[in-house]
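For the protein sequence lines, the chains are P and A, in the order given. One point on numbering: in the numbering used here, the residue at position 86 of the first sequence is 86, and numbering is uninterrupted. To convert a position in the second sequence, counted from 1, into the numbering used here, add 109.
Don't take each hint at face value.
[To be verified] As a list, the in silico DSSO-like pairs of lysine-lysine whose alpha-carbon atoms are at most 30 Å apart: (1) P:Lys52 to P:Lys69; (2) P:Lys96 to P:Lys69; (3) P:Lys3 to P:Lys52; (4) A:Lys166 to A:Lys180; (5) A:Lys166 to A:Lys123; (6) A:Lys118 to P:Lys69; (7) A:Lys180 to P:Lys96; (8) P:Lys3 to P:Lys96; (9) A:Lys180 to A:Lys118; (10) A:Lys118 to A:Lys166; (11) A:Lys166 to P:Lys69; (12) P:Lys52 to P:Lys96; (13) P:Lys96 to A:Lys118; (14) P:Lys3 to A:Lys123; (15) P:Lys69 to P:Lys3.
Please keep in mind that the hints were generated in silico from the structure rather than gathered at the bench.
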Amino acid sequence: DAKTTQPPSMDCAEGRAANLPCNHSTISGNEYVYWYRQIHSQGPQYIIHGLKNNETNEMASLIITEDRKSSTLILPHATLRDTAVYYCIGDSSASKIIFGSGTRLSIRP
Amino acid sequence: NAGVTQTPKFQVLKTGQSMTLQCAQDMNHNSMYWYRQDPGMGLRLIYYSASEGTTDKGEVPNGYNVSRLNKREFSLRLESAAPSQTSVYFCASSEGEFTEAFFGQGTRLTVV
């Protein structure tokens, strides 16, 4: 699995876009980039994943650089309910999911 | 659908006691996982099962055993609990590689 690096904390104003960066410079060609979040002490929740192309779903957008060494998760209109720890994961074909330390996102009213 | 169900939700053990944490999923997923999360820390993988009949060690397997009882159920056993095993334990499942995982709500274990 690729090692990922994320800032420990970020904040964003409510209603603005939250852009969470992730560095995964050691990612290999068959490894997807996954994003999960954990709200308070609940179980983690899947957000989005991608391999090469940018992806969008009802929760967020994922922008992956052309060299695949980094990516950005975008929450287009952050709300207070988006306050959580966000985890970026590089997943290989080994069927195991290794979490890093994540980014603690705080949304300001 | 219930998704991933963990029992119990809370447990207090004395040092040296044993117990089994239960996990069941109703999504017909192939892969299942056990994680622990210490206060203020990220999740660490204890064991995982890529498919029924197989189990493999994760990052922190010492002090734990697992059983993939069938496709639905994956249990985690502490044979002799230690205070260092005080943590929140999460079970998860996924269809397999390259698919998202679904997590249970956790078991909060305190060893005194």
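Here is what the structure says about each hint:
Of the pairs offered as hints, the one joining lysine 52 (chain P) and lysine 69 (chain P) holds, with about 11 Å between alpha carbons and a cut-off of 30 Å not exceeded. A distance of roughly 21 Å separates the Cα atoms of lysine 96 (chain P) and lysine 69 (chain P); the hinted pair therefore holds under the 30 Å criterion. Our distance criterion of 30 Å between C-alpha atoms is met by lysine 3 (chain P) and lysine 52 (chain P), whose separation comes to about 17 Å. Under the criterion of a C-alpha separation no larger than 30 Å, the hint pairing lysine 166 (chain A) with lysine 180 (chain A) is consistent with the structure, at around 18 Å.
Between lysine 166 (chain A) and lysine 123 (chain A) the alpha-carbon distance is near 26 Å, which keeps this suggested pair within the 30 Å criterion. Between lysine 118 (chain A) and lysine 69 (chain P) the alpha-carbon distance is near 39 Å, which puts this suggested pair outside the 30 Å criterion. Straight-line distance between C-alpha atoms of lysine 180 (chain A) and lysine 96 (chain P) comes to about 17 Å, which keeps the hinted pair within the 30 Å bound. At roughly 14 Å between alpha-carbon atoms, lysine 3 (chain P) and lysine 96 (chain P) fall within 30 Å of each other, so this suggested pair holds.
Taking the CA atoms of lysine 180 (chain A) and lysine 118 (chain A), the gap is about 22 Å. The hint holds against a cut of 30 Å. Distance hint between lysine 118 (chain A) and lysine 166 (chain A) is fulfilled; the C-alpha atoms sit about 24 Å from each other, no more than 30 Å. Annotation: proposed proximity of lysine 166 (chain A) to lysine 69 (chain P) holds, straight-line Cα distance about 28 Å (limit 30 Å). Straight-line distance between C-alpha atoms of lysine 52 (chain P) and lysine 96 (chain P) comes to about 20 Å, which keeps the hinted pair within the 30 Å bound.
A hinted pair counts as satisfied when its Cα atoms are at most 30 Å apart, and lysine 96 (chain P) with lysine 118 (chain A) qualifies at roughly 24 Å. Annotation: proposed proximity of lysine 3 (chain P) to lysine 123 (chain A) is violated, straight-line Cα distance about 37 Å (limit 30 Å). At most 30 Å may separate the alpha-carbon atoms for a hinted pair to count; lysine 69 (chain P) and lysine 3 (chain P) meet this at roughly 11 Å.
In summary, the structure is inconsistent with hints 6, 14 from the numbered list given earlier, while agreeing with the others.
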